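Student: Now for the letters of each chain:
There are 2 protein chains.
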Amino acid sequence: MSERPFTLPFDPTGIVLDRRQGLSRQLYQALRMRVLDGRLSSGTRLPASRDMAAALSLSRNSVVRAYDQLYAEGYIESRVGDGTYVSQLPKLSTKVSTGLSLGFSTGLSTKTANNTVDSSSKLIHNGPCNRLESHHLPPPKSGPPRAFRVGLPAFDLFPFDVWAKLQAGFWRNPDRAALGYGDPAGEPQLRQLIATYLRRSRGLSCTAEQIVITSGAQQAISLCAQLLLEPGEVVAVENPGYRAAGNAFALTGAKVQGVAVDDEGLDCAALNAVEHCRLSYVTPSHQYPTGVTMSLARRLQLLAWAERKDGWIIEDDYDGEYRYSGDPLAPLAALDRSGRVLYVGTFGKIAFPALRLGYLVLPRQLVQVFSRCRALAVRHSEIGTQAVMAQFMAQGHFQRHIRRMRKAALSRRNTLVAGWPQGISGIGPLPHVAAGLHVAVRVDSLARERALIGQAESVGVEINGLSDFWLPGSDTPEDEHAGLVLGFAAVPEAAIEVAVRHLAEVWGHSKS
Amino acid sequence: MSERPFTLPFDPTGIVLDRRQGLSRQLYQALRMRVLDGRLSSGTRLPASRDMAAALSLSRNSVVRAYDQLYAEGYIESRVGDGTYVSQLPKLSTKVSTGLSLGFSTGLSTKTANNTVDSSSKLIHNGPCNRLESHHLPPPKSGPPRAFRVGLPAFDLFPFDVWAKLQAGFWRNPDRAALGYGDPAGEPQLRQLIATYLRRSRGLSCTAEQIVITSGAQQAISLCAQLLLEPGEVVAVENPGYRAAGNAFALTGAKVQGVAVDDEGLDCAALNAVEHCRLSYVTPSHQYPTGVTMSLARRLQLLAWAERKDGWIIEDDYDGEYRYSGDPLAPLAALDRSGRVLYVGTFGKIAFPALRLGYLVLPRQLVQVFSRCRALAVRHSEIGTQAVMAQFMAQGHFQRHIRRMRKAALSRRNTLVAGWPQGISGIGPLPHVAAGLHVAVRVDSLARERALIGQAESVGVEINGLSDFWLPGSDTPEDEHAGLVLGFAAVPEAAIEVAVRHLAEVWGHSKS
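Quick note, the sequences are listed as chains A and B, same order. All the letters of the first sequence, read from the start, carry residue numbers 884 to 1395 under my numbering. All the letters of the second sequence, read from the start, carry residue numbers 884 to 1395 under my numbering.
All clues stand as given, with none of them false.
Since the list gives no way to pick out one identical chain from another, each pair is judged satisfied if it fits inside one copy or across any two copies.
No more than 25 Å apart at the CA atoms, straight line, and that leaves these computed lysine to any residue pairs for SDA-like:
id, residue 1, residue 2
1, K1048, A1060
2, K1048, D1058
3, K1024, W1390
4, K1138, E1113
These are calculated hints, taken from the structure and not from any lab test. Just so we're clear, the structure is a prediction, and the values are computed from it rather than from any experiment.
Using the sequences provided together with the hints, build the complete structure.
Tutor: Encoded structure:
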């Protein structure tokens, strides 16, 4: 036994307990607080549990539980045949949390917890965080879908009853082997079904081994960014384009170079002029947001660029299923024979975005690194969603639903076109909408764009500005960025009719 | 009209169609292939649809559909009052996919698709991909759980019937507003419930605003890596430790520095000696894999280190709920008053790993950057899993299940301890297991470790080598890395009894 140190007498009567709450937990907190703030200093002897119980009118059991927890966490120690003492601890920083503001039992302190931190003085200043300052997504539009929110399919038509039954069926008796850690590339059956779908319906020849399941298209793009870019390298993106892709690239520290889009799609001559660039991101089926379909000539030029540069093309086919005459167009990846195209597909525009289910179709030589990277990023996707989507596809619901969704989007497009207010000053003609879930209309000037969007908002109609899809610092005149981007699939025809009537009124009124 | 160019006659009779398959699609493929490989050169006039139909004994409708698709994709063009011609296209690369190996209709070609790519000659050589060569996770152990797989809780006891009902209930009539793009930080109700749980049951004072939902602990760690590290910076990790964390850090290009673990946890003196290091990753409740609980003194030293360095601590509390005497220990984050600790929690060890649901509790000043980064990484987690877990918690199932799981793990631990073979040469004593889901036992040498694991495998028992948890290039002698890591919670008691009996036989036999 070491010599017993000089000990301050400890008077527990200062401890006040709330009799309506857990007493053992409160005693633990009170003693822990006193050790951390120094009122109970190292080496102090604590009363024996029976004495403490008597002093505080507690059951001895409550005291023993509190002492046990303090002992387990190292605040106190016991000496055989002697008693219980406060542990020797390093000199405590005054900033250690004493638990004064812990919400235990009382629930009162959540507003003040951590309020000693001045968030403005503690901002982190390294590269990724700085890059997020200027490259983040705006908060998602909240509330139920309304006209003309972009990016939402007609998910009011999704067969939720079928989905609910499949979910219940899966979970009632899941294969136990599937509940641990799964294949980072995704569930084999789902990958097989996607490959079959792409071969049969989309003209894209691929095998299940080339498919990597992702948490929506965004994770597919993010993985590409993490794996194919190094800080300082250049990636070419369409301008205007999908900012969520550009921002994911920028987060890696890469330089995001906008390349113009004309009525044949990405300007490949401009792309050729971009130096130190071996990666490009395109939306060939239905350019986001202009709606242009990339011409065959441009597709071939783009593939030739990738071969020449020993580079890669990310093809985001986010709404390729929506083609209103004939079959969907064959993707760029179907022309790629030298393994240059990384194809991004998503279920978000067929089912609904909150499903967070998408996939990559990869050149064979990239499959392993993407699987490995995904394992480090998230391990894999939640098992139920993958298994239920596989059932949904295997039972034919998916193909039926695509047809249903295409028909619905076409009908909603027609309603928009039929009701679209004509002759509003500053708004260009509504282009023919052959594909996709949205249409972009040019507007004369940025000021006019803002005015039209503000007026629409005043009558409850949501419209995105085309100018928001341009990269900052684009060198075309700002007024040429102006336009309206209208998602026409999110709400039923009746709601579209109401919305266009409101637009005609508020815009027509402003004109006079 | 431009002058009609000289045209080669085109004889369609070389096109052979399989009458059992879609004829229009085959004709499209055949013509597309001929355009791409040059047999049908630019400017060639195609027969009128009725002539083509007659030549191939097809319906005219099939020809029109094929022509329409070729026209939509830009392979052919029509001239008013004249006819249909092959488009002018850029000189084609011989490597463009002609569709010869497309799986359309025939389904025969999937094995040969893309076989022109020699994967060995096309490896990508940039930093992230190179880093994945040496820093990836081994493939997950497949098949149903067996003794003594590490990382699996007793998910045979999960109330799948409850989960199935909650899933069905959610999906039968989901809130439509929740099906678009959600909050990247996660569903508000789930975040609120987690904050309440952590305050009441884990002694961690936090608010819902500090919680960011993740796809399991791995995504939490990966986000930390992406946001808090730049290439070349140093991150300190426990050695031996959780390799999946170290690999996620290494992927960013950071230098991963192992710090020794003794019987009080991370060696803080060694940590202080690591230069240019402002981030450390620890498992204080139950060190992975040694099982050591970090002492209070070390916790305070670690917090002091973070303050002095203006740095961060990632606390991975992967199995903190499993404490076999008294309440779970308060996490390190409960002592942190200066906003230095990023707490990682997971549902994977209470429910099951394939759920991929976890969370971060963040210092307030980090919440926004983490939400933004997560939005770019995956947007957010799948809605159903979040909503159902919120119901599971709100209805009390979660707390009940924790108690059930703790009891089961304790009983399985006891079965392992009772049956563990004694006196096997080279195996150290089985330590007291006060917490967690696994136990680590020292072994004399690396050779002995390999022999014991091989023998275990020969009788169907899965054991991990402790040596696998060390960083490559660690400077302690290799034989000191040797040991056995046994997960004891994955299978019921009866299976554990069988496994330890098999071990006793095969190891005992080998000794004699």
